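Chains A and B supply the protein sequences, listed in that same order. Per the numbering used here, the very first residue in the first sequence carries number 20; after that it's consecutive. Per the numbering used here, the very first residue in the second sequence carries number 252; after that it's consecutive.
What the hints contain is simulated information worked out from the structure, not anything from laboratory work. These numbers come from a predicted model, not from an experiment. Cβ atoms here follow ideal geometry from the backbone N, Cα and C, with glycine treated the same way. Some hints could be false.
Claimed, not checked - From chain A, some residues computed to sit far from chain B (all C-beta separations above 10 Å):
1. Met20
2. Glu21
3. Asn23
4. Lys24
5. Leu26
6. Asn30
7. Glu31
8. Asp35
9. Asp38
10. Thr48
11. Lys49
12. Asp52
13. Ala67
14. Phe72
15. Lys97
16. Ser100
Unchecked claim - Only pairs whose alpha carbons sit at most 25 Å apart, straight line, appear in this in silico BS3-like list of lysine-lysine:
17. A/Lys79 <-> B/Lys452
18. A/Lys43 <-> B/Lys277
19. B/Lys479 <-> A/Lys73
20. B/Lys549 <-> A/Lys43
21. B/Lys354 <-> A/Lys34
22. B/Lys277 <-> A/Lys49
23. A/Lys71 <-> B/Lys277
24. B/Lys354 <-> B/Lys412
Now for the letters of each chain:
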Amino acid sequence: MEPNKILEQLNEIFKDELDNDGIKLSNDTKADDVEGWDSLTHIQLVVAIEKKFKIRFTSKEIQSWKNVGELVDCITRKQLS
Amino acid sequence: MLWAIINGSVYKYAKINMPTFNELKKNLKKDFSNYKKIKVALLGDTATQFLKQALRGTGFEKEVDLDIWEADFNQIERQVFDPSSELFEFNPEVIIIFHSAHKLLDRYNKLNPTLQNSLAITQLELINNIVITINSQLKCKIIYYNYTEINDSVFGNYANKIESSFLFQLRKLNFELMVFAAKQSSFYVCDLSSIQNHSGKINLFQPSIYINTEMILKIDILPEVAKKTIDLIGAMTGSFKKCLILDLDNTMWGGVIGDDGLENIQLGSLGIGKSFTEFQYWIKKLKNRGIILAVCSKNTESVAKEPFEKHPDMVLRLDDIAVFVANWGNKADNIRQIQSILNIGFDSMVFLDDNPFERNIVRENINGITVPELPEDPADYLEFLYTLNLFETTSISNEDAERTKQYQVEAERVVLQKSFTNEDDFLKSLNMVSFIEPFNKFNTPRVAQLSQRSNQFNLRTVRYTEAEIENSIVDENIISFTFTLSDKFGDNGMICVIILRREDKDNLFIDTWFMSCRVLKRGMENFVLNAIVNCAKENGYSFLKGEYIHTEKNALVKDHYFQLGFEQATNHWILEVNNYQEKKCFIKTKYINGT
Numbered sequence: 020m021e022p023n024k025i026l027e028q029l030n031e032i033f034k035d036e037l038d039n040d041g042i043k044l045s046n047d048t049k050a051d052d053v054e055g056w057d058s059l060t061h062i063q064l065v066v067a068i069e070k071k072f073k074i075r076f077t078s079k080e081i082q083s084w085k086n087v088g089e090l091v092d093c094i095t096r097k098q099l100s
Numbered sequence: 252m253l254w255a256i257i258n259g260s261v262y263k264y265a266k267i268n269m270p271t272f273n274e275l276k277k278n279l280k281k282d283f284s285n286y287k288k289i290k291v292a293l294l295g296d297t298a299t300q301f302l303k304q305a306l307r308g309t310g311f312e313k314e315v316d317l318d319i320w321e322a323d324f325n326q327i328e329r330q331v332f333d334p335s336s337e338l339f340e341f342n343p344e345v346i347i348i349f350h351s352a353h354k355l356l357d358r359y360n361k362l363n364p365t366l367q368n369s370l371a372i373t374q375l376e377l378i379n380n381i382v383i384t385i386n387s388q389l390k391c392k393i394i395y396y397n398y399t400e401i402n403d404s405v406f407g408n409y410a411n412k413i414e415s416s417f418l419f420q421l422r423k424l425n426f427e428l429m430v431f432a433a434k435q436s437s438f439y440v441c442d443l444s445s446i447q448n449h450s451g452k453i454n455l456f457q458p459s460i461y462i463n464t465e466m467i468l469k470i471d472i473l474p475e476v477a478k479k480t481i482d483l484i485g486a487m488t489g490s491f492k493k494c495l496i497l498d499l500d501n502t503m504w505g506g507v508i509g510d511d512g513l514e515n516i517q518l519g520s521l522g523i524g525k526s527f528t529e530f531q532y533w534i535k536k537l538k539n540r541g542i543i544l545a546v547c548s549k550n551t552e553s554v555a556k557e558p559f560e561k562h563p564d565m566v567l568r569l570d571d572i573a574v575f576v577a578n579w580g581n582k583a584d585n586i587r588q589i590q591s592i593l594n595i596g597f598d599s600m601v602f603l604d605d606n607p608f609e610r611n612i613v614r615e616n617i618n619g620i621t622v623p624e625l626p627e628d629p630a631d632y633l634e635f636l637y638t639l640n641l642f643e644t645t646s647i648s649n650e651d652a653e654r655t656k657q658y659q660v661e662a663e664r665v666v667l668q669k670s671f672t673n674e675d676d677f678l679k680s681l682n683m684v685s686f687i688e689p690f691n692k693f694n695t696p697r698v699a700q701l702s703q704r705s706n707q708f709n710l711r712t713v714r715y716t717e718a719e720i721e722n723s724i725v726d727e728n729i730i731s732f733t734f735t736l737s738d739k740f741g742d743n744g745m746i747c748v749i750i751l752r753r754e755d756k757d758n759l760f761i762d763t764w765f766m767s768c769r770v771l772k773r774g775m776e777n778f779v780l781n782a783i784v785n786c787a788k789e790n791g792y793s794f795l796k797g798e799y800i801h802t803e804k805n806a807l808v809k810d811h812y813f814q815l816g817f818e819q820a821t822n823h824w825i826l827e828v829n830n831y832q833e834k835k836c837f838i839k840t841k842y843i844n845g846t
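Same shape as in the complex, but just chain B:
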């Protein structure tokens, strides 16, 4: 979590502790052996040696071992369009392509003036061909840097009015890249242009170095480019933030609600209140895109809730908050309580608090949580948080927006459970119903997204892309299931996915079993097993075969198959379906279209 911890005096303005290139280079000599290995190919039309070192060095900070194969200088097209090239032999999981704005300008300069207004479209066709060719040979994700702006000042401001200007074509290309990326599930834009917008061209590009080396990025900007790239790779491999935990006094509003009272806290469109209101709008946007919000405040609960209920300028309302914890206890303990309700890893949580003391307590006691060193002046909060790029993601689904409601319901359930002494009585009282359906074109995006993000309850942690899930629909050797779960408190949406693969006429292999941790302890495991045993029987199989592949995060299901009554074989688990005793559960079934 190095990225979020900031140098410099708390009493001045906060500065991001970005490692220098030299520090990243020193990381290259360190021990990567405990880190997750990812095969990455790097192809550029300018010299990329330093970028490669920065990427690997940044990987160390983020605990990934990037195995980087770097193409020779200016070989993007040769590597991609030759099916027997080293690129395809290397078989990467991620391909990074860096077409520079300088080479684009070079191409533009050489064009017949009558063709200059088609530069963007021609380049986009090339990119499209590259992506199609890669997709036809490799199952990998493609990261593409967009173009940093170069204004060649040939037309002055008039460049904005004339389609054949380089600036017009470059900006058009950057826009069209976004349109293209929205349609191509394996293609991701890494926003180099926004780094230049933030840091300035003078900090990205040094002509003397470019002339001598063909290197386009300044050494001092490489850590930032590498971080932005690794953020994206991290999100692709399941490491991203899911929850934002908020302090209240002087973080969500100016002043102390318990001392100053509802009328005197600072919020709204005037003075310093504006900072907090704008900050709340940002947080609301995060919530709307699926980040879970929680409150952790040292306050009396009723007092802390008052602004949410009554203050006219509050943007956030109680129904935006999934878990609301306000008491006089220790914040580290309170965050542990929030974690136990949400059931997500601490490494997917961000905690914002204006108080350095509270930040330190949380940082020191909760391993993995990200605690940004907020600037002293609330006016700086937003600009500072923008630069941290904390909320990288590689997919968004409609269910993301529903998540807060689901967790609020979970918090209610926890309260209800305490009132039952008998677990069966509690489960019966929930009136649970599960819809079962195979993969189809409607649920494919959600299945793929869950496949990318399920870490804890995931038996083999094989990640599937949307395209792979689509292919499995027509694969005769595959039987798929998705399960939803709703109860009297609400609908959890899709919470479990099963992929069964025919091994031979007797054996059906459980290729994939992952489940949302939100629905633990409801008998869902039993319910799912009943369903797949039935399916195995109906299709004439004798055995279900399961496998557990250990990862850093899935110890939860280490004994999953043992607990469900599977017999251990050499490195897998076997269940004889004909002797199977239907397991007890309190969930009603509804099949949508049977398999």
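Here chain A stands alone, though its shape is the one from the complex:
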């Protein structure tokens, strides 16, 4: 799947899970930039992303992304493997 397409779908997941239609993600977006994205809701997002893309993150990966771009990369890698 194209990275842009992944980003688009991530945006929908974030809107739904964080209940905030105003969210607009880019590759540079960090947790601090998004209202409501904290360590707790992070888990909710992880689970929703896993379900949507039919992948499983390792416990290390869950804590590894510095921004949304790295998350997109991680999903892309998982989908290829």
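Chain A is fixed; fit chain B onto it per the hints.
Chain B alone, transformed into the frame defined by chain A:
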């Protein structure tokens, strides 16, 4: 009643419409202000933040406003064993304790191997201490999740043969928890283990999330855990099912009795008949534990009754059915008629019918009734109904099993009443007798149970536990009464409870007056008032003081004290006992041991 309404195509298999965690979370922003508030403390040895959100969100679906105080991570023992902790300051009505199987395993792992075979007993001692400590400080109910099975595969199948294996200890602990709960009236097990049995460990536990967050339950299973917990809290606060209304053709047996005839309906041990027979055994067990059964069928009555009377493979018989309604009328009207005989709320009724059309009519016309979307294949009925957990309860008494008989008798009474034009003549003809006795150790469980479940004829709706009722026996400021009522048709058992509390030398306060709605319109109110006025006089009081506290369900008794001749004071009612004129009634008294 969201829980019982099911998604998906009626023509495939039914799926339970369980809200997602995200949907529950969105409920948190909604308006809870009209819902009953319940103070709940949540203590866990793993991270419980999501469980807390799921519980409150599920509360919204069930119309309760859970005010949840969550202890900090892994603080169960600290909160319980420190008498000045936040837990005791919060003063909850319900405490939920979640000791996880993972932390139990952790404890086991660290034990000296020679002590591993005492893990269950040591843990049970801890739980016992927790319960005793809480009981000594708070009047609250305790909900305890049992342990989800973890097989550490150290012994393979041999784990079942060796007491020191973790699996052996865990299963022993779950069993001992049930034994413990049977003895502790304030302690309830919430069966997390059965959720895992049903959904599988893979759907309960995600190691990567656990490693990152200490969270033990997967997000997708939280709605189910929360529902099971709220079912229990609901039953504790008086919301549970009392009656199951059954359709007949293709619900109780395969085929249509009116078309196929007695010989051709499907029942018994062969083929599809087996589904219906097993289904009937389940319904019979519900009846035996006190659920009232009623029939509501579109049929000619004599034809509908024929299988109950003559079919050798019928499990249910006519004397299992409290009210039998079979005619060609509208099912919603027929259910209203059943309700008027049973005198219980629609929200305590469940209606089972294979026909989606009938289910919709009933669902749309009767507010509050639960109408499960039965699967198309009768073979799926039982497994599906198991998952709904419709018949949660927090107490069982011997009288539950007698209830069907009492309602059958009530149905006969309704018929007799129609033949009398004068109400007094009718009441006289009933030959009513009431036994009066104070609380004692024999009637305490029943009193407590009635206290939990009486909603309509209940003046103040103060709920008392078994322990509180026991304490009142020795309290000098309290005078208690229980009343039974029997008549020529049968015995209703205990139907009314009164608690009088001394306020001062002149005033006796009616702390509790609740009565079963089964005995309305028999002059029982007059009879009870005569008895308590006599008691007040004998003990030298001048005034009886009554109070009505409004709830959503007790409008029936709004004018109770007015109708009995009490005078209104600011926010209570007063009756001068010395000017009291004994009220007319047709009930004979028998005191068992006088107060």
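Any of the earlier hints contradicted here, and which numbers?
Hint check: 8, 9, 13, 19, 20, 21 fail, others pass.
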